[in-house]
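There are 4 protein chains.
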Amino acid sequence: MIKAGIIGGSGYTAGELMRLIQNHPKATVDFIYSTTNAGKPVTDIHQDLLGDTDLIFTDTINPDVNIVFLCLGHGQSKDFLEKHSFASHTRIIDLGNDFRLKQDADSFVYGLPELNRKEIKAAKYIANPGCFATAIQLALLPLAQNSQLTDTIHINATTGSTGAGVKPSATSHHSWRNNNMSHYKAFEHQHLGEIRQSLMQLQSDFNHEILLIPNRGDFTRGIFATLYMKTDIPLATITEQYQTYYQDHPFVVATTENIHLKQVVQTNKCIISLEKKGDYFLITAVIDNLIKGASGQAIQNMNLMFGLDEKTGLQLKSGNF
Amino acid sequence: MIKAGIIGGSGYTAGELMRLIQNHPKATVDFIYSTTNAGKPVTDIHQDLLGDTDLIFTDTINPDVNIVFLCLGHGQSKDFLEKHSFASHTRIIDLGNDFRLKQDADSFVYGLPELNRKEIKAAKYIANPGCFATAIQLALLPLAQNSQLTDTIHINATTGSTGAGVKPSATSHHSWRNNNMSHYKAFEHQHLGEIRQSLMQLQSDFNHEILLIPNRGDFTRGIFATLYMKTDIPLATITEQYQTYYQDHPFVVATTENIHLKQVVQTNKCIISLEKKGDYFLITAVIDNLIKGASGQAIQNMNLMFGLDEKTGLQLKSGNF
Amino acid sequence: MIKAGIIGGSGYTAGELMRLIQNHPKATVDFIYSTTNAGKPVTDIHQDLLGDTDLIFTDTINPDVNIVFLCLGHGQSKDFLEKHSFASHTRIIDLGNDFRLKQDADSFVYGLPELNRKEIKAAKYIANPGCFATAIQLALLPLAQNSQLTDTIHINATTGSTGAGVKPSATSHHSWRNNNMSHYKAFEHQHLGEIRQSLMQLQSDFNHEILLIPNRGDFTRGIFATLYMKTDIPLATITEQYQTYYQDHPFVVATTENIHLKQVVQTNKCIISLEKKGDYFLITAVIDNLIKGASGQAIQNMNLMFGLDEKTGLQLKSGNF
Amino acid sequence: MIKAGIIGGSGYTAGELMRLIQNHPKATVDFIYSTTNAGKPVTDIHQDLLGDTDLIFTDTINPDVNIVFLCLGHGQSKDFLEKHSFASHTRIIDLGNDFRLKQDADSFVYGLPELNRKEIKAAKYIANPGCFATAIQLALLPLAQNSQLTDTIHINATTGSTGAGVKPSATSHHSWRNNNMSHYKAFEHQHLGEIRQSLMQLQSDFNHEILLIPNRGDFTRGIFATLYMKTDIPLATITEQYQTYYQDHPFVVATTENIHLKQVVQTNKCIISLEKKGDYFLITAVIDNLIKGASGQAIQNMNLMFGLDEKTGLQLKSGNF
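Protein chains in written order, with UniProt numbering: chain A, 1 to 321; chain B, 1 to 321; chain C, 1 to 321; chain D, 1 to 321.
For reference, chain A alone in the conformation it holds in the complex (with noise of 0.2 Å):
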């Protein structure tokens, strides 16, 4: 069994985390770290795994552990790093940001599995990336290897209130989120940077604006991203170049039917949307953001880490409702 550990346990990636190991056949939760927490039953914070476990949050580390993941806030985990050791042995999933861009990764490889398998299946240290980032790198990623990314990329893209975290705030308020929409950081959003860094290592020449438009929607868990380009290559040919990319990965469809954000809910899965309306090139790519854009993810890698078939723990019931 891969004894797990869960640095940053009160937070909504970390139970995740903890709902997918449970059910996972090769791995187990070794120890779940929390300072605020630390002595409470897990259960406390994460009540949905009330008789599944006795687990209590720990204020202190096994460094024997043979994974660690890290869900601290952006921008905490080197810090967490150059405080914690951990045996030689350990491998570590970084679910911040602090790794993902190469000028920060050190030894961290980029844990898109859909890019970089091969790279994930010989790394030490994984850095997972970003909810939008996954979405909108699996929904281009094909074009990129074909060097067809020629035009500006435009992108509107709508999460679920997850997205902010568990610490509430007033745009996380129910009487506030209910029935509402917004949008933030437009143009500006951090994951633009390893969006950019993943189209050129398959298209070195790309250097074509990326436009984002991220919103805030009124659902709990999700992403719903469309994107366009102008290009003149048949949808066809697309459609057939998507799917070829996409045969042997085994939680990435792509289909030219219409889609919704439920069908991906409470699942590994990211399912794509291929159009073509005159010379625009429409993509739609839905996730779930806590799952294939973040716990589910560092599973995916975790299991290629540890030589195990990519999907172990990973065939999850859909939501859909």
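Hints were generated in silico from the structure; no laboratory data involved.
Source: prediction; values computed, not measured.
No incorrect hints appear here.
Just so you know, same-sequence chains aren't split out, so a pair can sit in one copy or run between any two.
With a straight-line Cα cutoff of 25 Å, these simulated PhoX-like cross-link-like pairs (lysine-lysine) come out:
1) K277 - K185
2) K276 - K185
3) K230 - K276
4) K185 - K40
5) K3 - K121
6) K230 - K277
7) K26 - K311
8) K3 - K311
9) K78 - K124
10) K124 - K311
Model the placement of chains B, C and D on the given structure of chain A, informed by the hints.
Just chains B, C and D now, with coordinates in the frame of chain A:
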């Protein structure tokens, strides 16, 4: 024009008062007091008023206004009034619970117009009822007046997230509250005191149990309450009593049809549905917790105190969907 | 009093007209026509009006009313008017799309007050704009007036479930729509024609693409639209132009602050937020699809046609939460 | 592998069965029968399964499957079984209400594992309990077993919109249901018969009233039920009885902590909270109406019938938010 001051200006009930008074033909907001937001435009907090008002939050009261609305946390009104003085002609409506019970009331009149309209007209100080208390009393007053509360009263009532106030908390987080339901303070809600007091005002020998389970609902506004009691009085008799009781009360409608919460949302109305199933008399009552359950009722009381038609400024378009 | 007839009385826009006219000081509903509901109380369908109206749906028109509102399915207004005659003085406002384009318009004036106020005042027949069209035009008119629409316009707009009408369907089922998101008719929405027509009315040489992705949102009311275009005009200049354009239009507010959808829900307002990010000018516009996007705008047009203040009966309490 | 047939394949419970069996290690869907959708891919209706299954709806049964799940409208199962024959070894689980009451049951066993596990293991035909009935029985069985149901039982239970089925209707329209609440069939719900039957199976002299108000909630999945009864038994005693009763039932957890609906959504669990307030014993029970209240319980029954561990294929990640 009635010059009004609002104390505790950044909360939900203060915002609703701003919205209501702004369209009220005989009243105007003279000042809106908020120590935390003093100096900021009101539209920084009540953003929907953008374009409608240039008012600035102040930390200075105008002691000479015609009426003051206290929108403070429960227990803070007494303290505020000890520290601040108003002109001898200034009327006061407290939306908190400091003066609702007779033992605490001093010269405050309990401001439920359908119970105490005559006294309200003559009052200088009003204790505005609680939201659950409003719905439940309106559902029971005709029975009490006819001394027909002759058995245990069973009540289940669900409130929206605005009922918990603007301050973010774990149970008002959208990720938690959306698609969720829970209850709190079962059989022990603080509004039971004022409910019993009003029922005994009409039926002095009333001494049966009132069993109330309050729920947190998955909506923002409104209270949906069902109440039942064993009785052998025929439905037709009771229905007639309700219609008689409320015939000159413009905001309360009694019906024998099925009802739903959104019939009253965004209005000052209370709709009451009456059914008889075997020996059980079942009453359903719906109100908007922030309007008939708080700020609308406060305006209704203001209208009565100043000799205006009760409905002035309160003929609101229903939200409905 | 203006005597109004409503045709197609069981739908959402007819219901909103009932609610608005009921509180309008200068108008009254003379009849509400519905072949499917003839003989039933209006409150059977518009249940929130219980206690407010005793009106009965009719299948007989009164041809002598002062104004008729057509709330029929798109394409049915022409047919209705061929089969029914009204008095020569009777004014007509069509809320469908039969007369919006000049080639179909006969003597109908396009009823966007912020574009055609003078013509509306003199008009006998009005084609009320579509909901997406209203939000998008209000977001762009000042640019068009200054001949500044000099590049492709990128629009992403999300509408609530009331936008799809009262008839139940798979994509309006609560189990499907709740916590979901999807798009439809990308780049091909039927409102693009009226949008282009209005922009060309102000900027006759406008010939750039308008790329619109309409989304189905997880809320009941409102349109949240973001629009952007490349331009080198400074934000301050544009902002001043917007404020100048809308300074005597009481329902439109231009701001440089962040906005959100619920600032306008339940009102006839449109709030427009202006930003500049690099070369891109980003506009956000929010309206209530049933009020400023339909029935409220129809009342605004009626007010203008009858020489009333534009705001009469339309100073509505914001829903906000 | 257990080969399963699903009859009535386009509804919610059939979809959930598809999702559950797909990840079940010992079962496979042999055919999914739908007369209205015969010939179409299953993913046309259950769109979340895109990429997971190539199954086509059929209007032909395979009479030799190991198990058949009937997901038909209430009252249609008998009719279906009269018209279609299965092999003598084929087991049947009816998710409708045709065989739940003993007078209708023929050889069907009432499939509540926490009541009839031994009989289920030996059964060939199972009548799967109703969703409200499941939550309510699980909340009361330990009391019945100890002959402690000694007074009227008061129940208020709220269900999500999936409880009303996939067919669109006025009260499942998102515009109506969102942010709304209502009740239906007060004191007369059709599940009362099977509830009373089960309680009398354990406490044969039980003859008190069961008063149930079912509500339509503003969420898609789940049942939130509160139940109370007068009793002088101490909480500690009752709690111990509940924990004893459920100690070897893996899906039911009894606690004295506060609970909320989303603790069980997307799982086969039932969490029961126990409180005593004065003389009143208050029970709160939450389930997912489609899983423990329907398809998950059907799989649990299948597991028992085929000698598998009850939990096989049912260790589901909680939805939680």
